[in-house]
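Visitor: The primary structure of each chain is shown beneath.
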Amino acid sequence: MNALDVQSITKVFGGLVAVSEASMAIPDRAIASLIGPNGAGKTTFFNCVSGFYKPERGKIIAYGRNIQGLRTDQIMALGIARTYQNIHLFSGMTVLENILAGMHSRRAMGPLGALARHRSNRDEARNVLANAYHWLEYVGLAGQGDQFATNLSYGSQRRLEIARALASEPRILLLDEPTAGMNPQEKQTMIDFIRRLRDELGLTIFLIEHDMGLVMNVSDQITVLDYGRVIAEGTPTEVKNNPRVIEAYLGSQAEQEPHAAEIPDDLPQDEQPQKETV
Amino acid sequence: MSLLELRNVHTFYGKIHALKGISLRVEEGEVVTLIGSNGAGKSTTLKTISGITPAAEGNIILGKQEITQLKPDQIVGLGVIQSPEGRRIFGRLTVRENLEMGAFTRDDKAGIAQDLEYVFGLFPRLKERENQHGGTLSGGEQQMLAMGRALMAKPRILLLDEPSMGLAPLLVKSIFEIIKYLNEERHTTILLVEQNANVALQVAQRGYVLQSGHIIIADDAEVLAADPSIREAYLGGH
Amino acid sequence: MSAVGTLLVLAFAERVDYVTQTNPATFITWAQLFSIGLVLGGVYALIALGYTLVYGILFMINFAHGEVMMLGAYCGYFAMQFVIMDGQHSFEDGAALISTIILPLIVGVVFLAPRRAAATNQPNESLQRSTIRNFVIMPGRFLIGLLIGYSILVALSNGAPHMYLIVVTTLGVLFVVVCGMLFSMLVAFLLERTAYRPLRKAPRLVPLISAIGASIFLQQVALRIFGPGRKAYEQPQLLDTPPNFFINLGTLGVLPVNKVGVFIVILSILLMIMLYIIVQRTKIGTAMRAVAEDKDTAALMGINVDRVIVFTFLLGAALAGAAGVMLGLRGDDLNARFGFTPGLKAFTAAVLGGIGNIPGAMFGGFFLGIVESLGPQMLGLNNDWKNAIAFSLLVIVIIFRPTGILGELTGAKKV
Amino acid sequence: MHRKGLSLIVLLVVTLLAVTPVLAAHTAPGTSTQPQQEEGVVVIAPGESIQIGLAASLSGDVIPEAGQDIRNAAQLAVDQFNEEMGGIEGFPVELLVEDDQCIPEQAGNVANLFVTEPRLVAVVGHMCSGATAVAAEIYEEARIPMVSASATNGQLTAAGFTVFNRTVSNDDVQGLVVGRYIAAVLEAETLAVLHDNSDYGRGLAETVAAIAAEEGVNVLEPQAIDPAEQDYRAVLTVIAGEAPDVLYFGGYQNEAALIVDQMREVGMEDTIFFSADGVLIQQFLDLAGDAAEGSHLSLPAAEVDEEVNETFDAAYEEAFGLAPDELGPFHAQSADAAAVIIQALMEVATLDDAGNLVIDREELITAIRATEGYEGVSGTITCNEIGECSAARVQVFIVEDGEFVQLEVPEELQMVGDSME
Amino acid sequence: MLTLGGAAQKAAERADFARWRQTSANLLKQLKLDYPLAELRHWTVLLLPLFLFLLFWSSVSQPVSGGIFDTLGTESGAELHLVDLNSTFNLTSSSLVNARSLQLILAFSMVIAGIFAVQGTRQNFSRYPYVLRVGLIYLFILIWLGVAAWRVTLSDEQFIAPSIDFLGWESQEWSIVALICIALGMFFYGLLSNRNPRNFEFSLVLIMVSGLVMLAPLNMDQYQTNVSTLVAVWIMFGLGMNIVVGYAGLLDLGYVAFLAIGAYTYAFLSPINTQAKLNRTELNDLGWAIYIGLVVVPLVVFGASLAWHRLGRGNTSNRPAATSALKRLAPLWKNQPPLLVTLALIGVAVGATFLVRAVLEASGQLEVWQFSPFLVSLFVAMFAAAFAGFVLGVPVLRLRGDYLAIVTLGFGEIISLSLRNLSNITGGPSGAVRLPQPVADDTPALTASLAVLYLNVVFILLIILLANRLRNSRIGLAWLAMRSDEDIAQSMGINLVNAKLLAFSIGAGFAGVAGMLLAANQPGGIFPESFTLQQSINVLALVIIGGMGSIPGVIIGAIVLVGLPEILRPVQEYRIMAFGLLLVVTMVVRPSGLLPTPPPALEAEAQNLYQSRREE
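Residue numbers (the working numbering), protein chains in the order written: chain A, 286 to 563; chain B, 153 to 390; chain C, 7 to 421; chain D, 200 to 620; chain E, 423 to 1038.
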């Protein structure tokens, strides 16, 4: 069974088609990558899968279950966790508390239990705390558990975000640019870490990445998105040699450069939704 | 004497040490590019120069003047104009108003009118959409608007943050064409931050490579473009 | 959700129908109530604009806005007393005296204006030369303006005494309004400086509490300085005479119209138009909108964000001051608590229209005023429930349109 | 080692300190110079003053001006007494003023504060009925008599407090007579009733409405206005549609002035405005101006001695720089409340052998209840068995040429007997 | 004025505290003073409440007469040496601060210092010998018990008479029972705390501070007690608001509605007072109805379903762990016995309730007790307010930030207007008057207010315990995450609907308890003036001033907000002005509140648990 099966989803913002008829399938325990130029609709695609956006058309099936139209918390409870391109940690909470918050959907303690602290609740609290420490250690943040999450360094914040996602015991992990801002050594560590996640925890990993080197290195499968459409899918070698990919993502060098004032009228629509000022 | 010089600049976001001692300089009439991966500190460098995230340590010198402690509007008043990442045009203002905001620090009405015509000449599509709200423009048009807005300020030095972001290759070409034109014909000094290092190194004379808040390599653009390790890391490895 | 909404609307319509069937008020009563609501709404709208302007730019509820209005109204009161003192216990005489200064001044300034604009349009002329030329010519032009203004007054007083009275009263009242506006602006300036600016980067609720403290403080200061007794504006003859004037609506009846009310509605609409022009047409207005949208980018344009914020506060305060003076002119008595209720209602109106949205605040103000005055009668309820009706409406509107009537609906979530 | 030792020493010191609260209390002999206090008796040493408390809203949301008026008047009465009589047996009377903001919790605080003052013998106040109800329970327990100048709610005296008295009239009495007056003298066919939703206004208005309806007048449903607002045109317009002959308003002068003004705007020139003692002050005339002409106002009082009144007004103006009528309506009642307390104090206070002034609390409570025929500023004051000290007669005034002119009230309308209970 | 804020800011910028601290620390190190000074500072913080207590206990604001001091003096046989603050500080009645306020300040400072002391304790004190640890803790326990017992033996009049007198016990008997309970509790606490030497210092300070706080009211006069009670009520109210605003980040400007609901519930359930305008007979019937509807029926329904479930009749399918509270309750609803059985059970329960009432009525007990025993009112008030919170929560789920604030403000105003206008139910502006206090009728005033104060303290402790548990539980973390970012919180599996509704109803429930205690403390009655927008604003200010989400902050906030105006009484008419100014200054100087608490440090415990689990 495929871990994730996305069947021709379309997401439109206003008049802009951000994701158009995109389909892909990720086998169980695979590492899949989604690449494409900046703003090709990758994050929108992720947001559709994790339930932030409701696609206008199409189906999203995770482990045989249709998750399209579910709320984000329901999707998370079904075992799809994610990280974010711009780190979104819970400020005002410690590192450990962030991880604990990630375990929310795996805990049963209700408000009455919290008030009464019956034995089962205490046991749960202990288990959860021990588990949280496990994840803290797993991502190498042991010793920093009582700090405010926002006081961590950039790389540590990224790792904490992953720990928070892992704490929810997911089956599919979506990573949005996990190596952004890292130097090559750190990137290498991250690659190893991602592999470890797959091998040790048996996770299916789906990531967005810019760094081609990393992508080619780590992925079992690559999907290329351009203007919201899937233009290529396959193994790293296949994708690397796909002429459409080279043209769209890497930019063709040989093309004649038009003069600025003569920009053609049929400008492709930009996919980026307007930033909301709330 | 360089037009803009950064000496050992440190910047913090909260407790995150984003710039760990950046030193760079931009000469009059040059195009200098900063390349590096996401989160390396490229945009932060530009924000620090503009005073949005003031430097905690170090000096920023414009010509002979120290501008480290100045407020953003004062720095803009001195001709350091930034076109921020992601365009950041004012979505609820019309195209014309956006351009007028670019000329906020200027008082000469005639000069502004002249420059407006010049920008419209450069980007005829903006002229067509003069009274549309900025938010309704397409990505490419927004980028044109952002650049036009920066030009309206008559920059001594133009800081461009990822002008190619989210644009089709064709548009990227034309945007860089304009950058080249500005530099060659209008003698505008440009500090260019770009992820698409390939293209950036083509227009730039010199380049700096940033990594985790440090400058790791500084050299001429051709040298950088030819460097195999750079190619491996930032130019897509082909 | 929408089904519930439809049901509510239907129930409301049914109730209104029932009430009008069983208790048929005349058309004139409805019209009168409507006009009362309109006047009230004008004042609410003006105050609401202050809330909305500040909110739009700082995302902060300026709880002390009502007190700013109250202090403006007090200043207007003293200005009025000053005019009356000038005229030896007669507002009209005082206004005439003041007019002899103001009108020529206005005309004089108007005469100055075109020349200055022209100077900048001549690029060849050096700045220095134009300044010198202006310096030489200005007093002359100004004097001519003064003379013309004065002669207009004299001509009016001899030729058209009624017109003269109108002009003089208008100028006198405008003087009072402007005094109120200026004082409100001063208060708002001090407030922004001391209570809000240090908290610009603090969590959102902190300036709110600071504003509440400032509101309590200003109220108590007013109580100490102006005393606990109430003060009523002396109304100018022209606006005061109770038989107002009447509009004959033929078979429908005769609608009495309150002159002060007409004055308030006209002035508030004029002020709103002025605000609209400032915000939409001027450079600083555009800068305001830019800052409201994106402070960092606005700063990159060379806009001094602090200065724009202060300007916004001043603009809101000016409108509040005007509103305060208008309330005084309408016959309300001043006291230290004077600003609280209109402030709260105006805030409600601003939210009703969609806070941060200028047309929303105007619409919300008028809407709330009209609902308050028509609501109890329409639903056949006691006046006891007037505010409950207004607040229920607010609650219902916000529940069905979570960002107010004219507010933009928040779209996709930001991730 | 060093660290441990130091910590241990500190810890021992703590232990010693912990024992001290008990020890400390038993060491030195007392130095108190105060006379021994006995149960139920206030003993005041020579040189000290007798304290009378006064609680009113001085800074709150609720009409602080009326509170300041009450404060001023009582202060004046006390000062005058001290000046003229030199105090009680040479002991000066002191007024202890506290602000209760008319909030019940604050009133509780103030009452408890007064209760703990050992030299405080009686209280003028409280101002608002709600605050008074809360405070009265506390004074009842502490046996401190109170005389309110402004708490008019009928329930207060009906509740059976032994310490509560008031120099202001019960709403029920006034409402009864006014209701009859409107029916019989004004011969109103339709009566509209408006109140400010305060304890005072609502009670009064509802009583008037009930009595008038009994007398056969067509009474419209009572409507409330919000005194925090100043625009009552809408409700007046609705009332104008019914063309009532009389508009009765229960409330205070500020709102009344606005109402008479706005009545003209909505075309109710022919309707008679009728209100009560809360409006019967100069400030109403000042604020309303011409619009007040023809208004009827009731006052629960016996014949007022004009001379006493004028003297008082002059003294007030001299002391505080403003006429008493400028602030609120209850100054006369307040001065009388203070005077009634002082009167009773003079009766019960005795000197003991040591030259201390002794006041028996129970005696004072009885003495205040027994006040009879005291000629006060607000008229002759006689307290009845439930603590109503103002006269149970009602006068009616009309505003003519900017002055209050008394009208005759037919004797059969007064019928005081059945007004109580 | 103009540059006040600016100047403060500039001063803070210029003062390079970090550098000063560094320099002075180095200097101290050189002088070898750093350790002793740190130790001194540490112990000063811990002992400050004790010093303040001593000063407070040995001070008196007025001439020694009557009340506690009288008996204190005569019983001990020696005259007391009390610090007469008036003469010590040379205060006259006209000076700005009078002794009573000074004493109140002392009492409040003691509470605040106690908070700092408890927070300032260090862990890991195993270096003290066992005997010393045990000795010190039991010494403290003995001292406090001794003082308390001494108070009991003094006189029945002077000691508190706990509330519920329907058992016919005299207050002395109650006192002894209470004392035994406290003694046992403390004994076991001492036993437990000695098991873990790491917590020794904490236990010591906790016992010391709780002893101080419990004994301090005995030195208060009636006014100070009353003010303290009001502060206590506001602490409870603030703790409720703290859940809604501080934890869940939902800005509620109509929060006073729940206080009103709690207070008026107490009034509804109170004994008939024939003199009051409103007909309490009817209201008492309403009270019975509320009691049956809110307490009896749900208990029967849940009890029945639980029993049915246990009997194995119902659907026993495994319920998923990751569902909402409501859904986990759902099986209980679903597993009902047949409808008729349920109805019959309800009928029996209701019948039994009425039977009890009839018996009480017949035996004449109802005259005194009148169904409204304090504890029943307490539960009904809590449930009624929580239910109101739930009902308010449902429509506003979609709203955020200021729109939520304004809608709740609207709700608050509507409730407040209803209190005024529905005069045949609430008594309108005349209020619901003459409520019973939860003490025997003939209790002296000071004793009664002391009893109410102690009652409030007990409820505060209970609510703090509950709030603290909530804070550290799954739901508390969900609230905090929601406050930080709603969308991300939801994507972390948190059901926003549940979290919001829970925050609203639990917060409202706490406020209901506060309101009920407010009414119980005020025998004069409750009035609409106590439930206006101003109070909602005050309670919000309380939470913000103390520090969002901080329980000690709430206590300090309540002291500042309710105590400060009282302390400022000597400045008379300027007190509210001073209060407003202080509000601004506080916010400008300390924008994060007076006492923001750091989140709990969990890592050490987590590590232990993790390691011990791995070893298994």
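Mixed in with the good hints there might be a few duds.
[Unchecked claim] Take a look, some chain D residues computed to stay more than 12 Å from chain E by CB distance:
#, residue
1, V333
2, E405
3, E574
[What the hints assert, rightly or not] Calculated lysine-lysine pairs in the DSS-like style (CA-CA distance at most 25 Å, straight line):
#, chain 1, residue 1, chain 2, residue 2
4, B, K223, C, K207
5, B, K279, C, K207
6, C, K207, B, K306
Hints were generated in silico from the structure; no laboratory data involved.
Since the structure is predicted, the reported quantities are computational estimates derived from the model, not experimental observations.
A virtual CB, placed ideally from N, CA and C, is assigned to each residue, including glycine.
Visitor: Could you check the structure against the hints above and give me the numbers of any it violates, in ascending order?
Guide: 1, 2, 5 and 6
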